[in-house]
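Just so you know, the working numbering puts 617 at position 617 of the sequence shown, and the rest follows in order with no gaps.
Hints in this document: simulated from the structure, not taken from any laboratory.
Keep in mind the model is a prediction, meaning the values are calculated, not measured.
Idealized CB from N, CA, C, for every residue including glycine.
It is possible that part of the hints are untrue.
Unchecked claim - Calculated lysine to aspartate or glutamate pairs in the EDC-like style (CA-CA distance at most 20 angstroms, straight line):
#, residue 1, residue 2
1, Lys435, Glu478
2, Lys422, Asp411
3, Lys548, Asp574
4, Lys596, Glu656
5, Lys617, Glu584
6, Lys308, Glu257
7, Lys212, Glu234
8, Lys620, Glu585
9, Lys617, Asp574
10, Lys674, Glu656
11, Lys588, Glu571
12, Lys588, Glu536
13, Lys61, Asp107
14, Lys262, Glu334
15, Lys225, Glu169
16, Lys138, Asp120
17, Lys375, Glu360
18, Lys333, Glu271
19, Lys453, Asp400
20, Lys493, Asp436
Claimed, not checked - Using C-beta positions, here's what the derived DEER-type ranges look like:
#, residue 1, residue 2, range
21, Leu394, Gln489, 45 to 55 angstroms
22, Arg347, Lys479, 21 to 31 angstroms
23, Thr152, Asp223, 23 to 33 angstroms
24, Asn484, Gln569, 46 to 56 angstroms
25, Glu329, Leu394, 55 to 65 angstroms
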Amino acid sequence: MSAPDAEIEKPLGGATKMGKVPKMAKVKNKAPAELQITAEQLLREAKERELEIVPPPPKQKIQDEEELRDFQMRKRKNFEDAIRKNRSVMSNWIKYATWEESQGSLDRTRSVYERALDVDHRNIGLWLKYTEMEMRNKQVNHARNLWDRAVTILPRANQFWYKYTYMEEMLNNIPGCRAVFERWIEWEPDEQPWLTYIKFELRYKELDRARKIYERFVYVHPDVKNWIRFARFEESHGFINSSRLIYERAVEFFGEENMDEKLFIAFARFEENQKEHDRARVIYKYALDNMSKEHCTELFKNYTIHEKKFGEKSGIENVILSKRKYQYEEEVKENPMNYDAWFDYIRLVESEGKIDLIRETYERAIANIPPSKEKHFWRRYIYLWINYAIFEELEAEDIDRARQVYRAALDLLPHKRFTFSKLWLLYAQFEIRQKDADTARKALGSALGKCPKSKIFRGYIDLEIQLREFGRCRTLYEKFLEFNPENVQTWMKFSELETLLGDVERARALYELAIGQPRLDMPEILWKAYIDFEIEQEETDRARDLYKRLLQRTQHVKVWLSFAQFELQVEHEDRIAEARHVYEEANKKLRQGQEKEERLMLLEAWKEFEKEEGDEKSKKVVDELMPRRVKKRRKIQSDDGIDQGWEEYFDYIFPEDEAAKPNLKLLAMAKMWKKQKETVGTEEEEESENTEVPSEKVGDKSDTEAGENMDADDPSIVNESESEDEEENEDQE
């Protein structure tokens, strides 16, 4: 150690001569390492990397018998030592026995195997090595004895049985092999040993024996595939009747509780191969009728294919119907409230024509009452009842049952919350068809008492009109108008009825009452109907008076046009003048409004009228009133007042409006001049003491300022000038 190093190194925990702090002892981390390495892993890696290269042992040449005995003794001693160390390691026993066999000492080999079996008699590999040794050395009886011992001790080890039967068959000991198979079958093993036994018998053409084995096999392993395999075995050897009998036995064996579609498909295909298409069809139908629909998917497919190949049109349709019926069954089972699926299902069942089945399907459908009391959930459901009643009446021709269906449906509805007018009317019409008008009236009267609706009123009135009971119709119309006086159609229908009955005054009174109502849903239709009524009665003055009364309420352009057309069609000498007068009045009234499109419509209609009925002078008058169309721009603002840009639109400039604008401008200028004059006069009085100005110049100045102020302050004039400039620019464009 050098001197500097000696000076630095100090005892742990002691103080240095120079006063330095001693070093702290480091604590070793004694926690287990994340990656653990075992001794076995170290040895394996050493072997793989050949870290220790051991030279091979020298070859020893044995010269005489003594050296051989000495070698065998040392070898046996090593094997015995290894066995003594661990008797349960079978590899040591097998190596020992294999070495003894290589030395030609079979007795010693058997002794080793027997000692090993005493240690572990359930080791399958040990038994196999032992028996293979005997067979390899052609010790057949020893091997047979060993196989007997093995299958007796371990009868569920199929390897022993396979090897045993294979050995006997290779020795051409067929009876002995069959006896081994029989011993094996008594233990009722899995399916494969049975099939192996059957193949063994078939190799030697023993069909009867194979058939008997199959008979036992299908009862030990009663699976559908095994019965099908048995039937196909008979079919492949030409025993058609036996194969059919086996299929029938299989159907009886499984019964109706354990039916499988694979069995029926195989049975039907067998009959199809034998050209027995009727038998195949019967098998398919039997299976479909007795099996649950959810287990018949493949059966439906095969039945459809069979019918498409060999069936007639009706048969194919029946198959398709059955398949669709299964689909609908699944839909209604998944969601019983799916009324559309019920409708499709019922329509499909009705195509078959079976009354009882149709009735049963309807009963199943109507049993699914909507859980909610909202009307829109009941709309589709109530049509099930309606279709059911119509079916009972028309198809089943059971009148009493149809009446019961109608009444049950009406009793089911919560009439205080909602009702279905259609159902009441259909029931009433049904009773009328049965020539029972009193019951129909009672039903409709009960409907109006429980839940009055416009549709029920109209249906009841139509029924009484067909029965020619006009007194009842008047009563019903009066009740209807009390129920809903705003309905224009009711007033019109009531008036039309009175007109048809010849009571014109009563009809006119109804129209008068109608137009006097404070609220109407469509008053324009009512006024038109009233006017048409007076025209039909040739009451021209009354019709003209109605037009005037209507124009007091509204100034709509269509009313004016209709009025003008009316005056033109009236047969008198001044009809053209009267029509022209209407157009003139309409133009004056519409000028007061802001609807330029309506004025344009009126002028265009007036122009067409003058073109047909007027002269050159009247045409010129109308032409001078026609507006100019100009394109303008205006700002667009949203509901929040935010500017959205500009848009272009067309505006109409009427000559009458243009002529009125200069007068308005002149009045505005005069008013501004008067105001300016008063202001200037006051200023002159205040400034007369200091300043002298000629009167002509002041007057000129005041006039100039008045004109400037007038032009600047009058907003109408500014807007007008701007609009005129825009119009000129647009015309130039």
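Unmet hints by their number, sorted upward, for this structure: Hints 1, 6, 10, 11, 12, 13, 14, 15, 16, 17, 18, 19, 20, 21, 22, 24, 25 not satisfied by this model.
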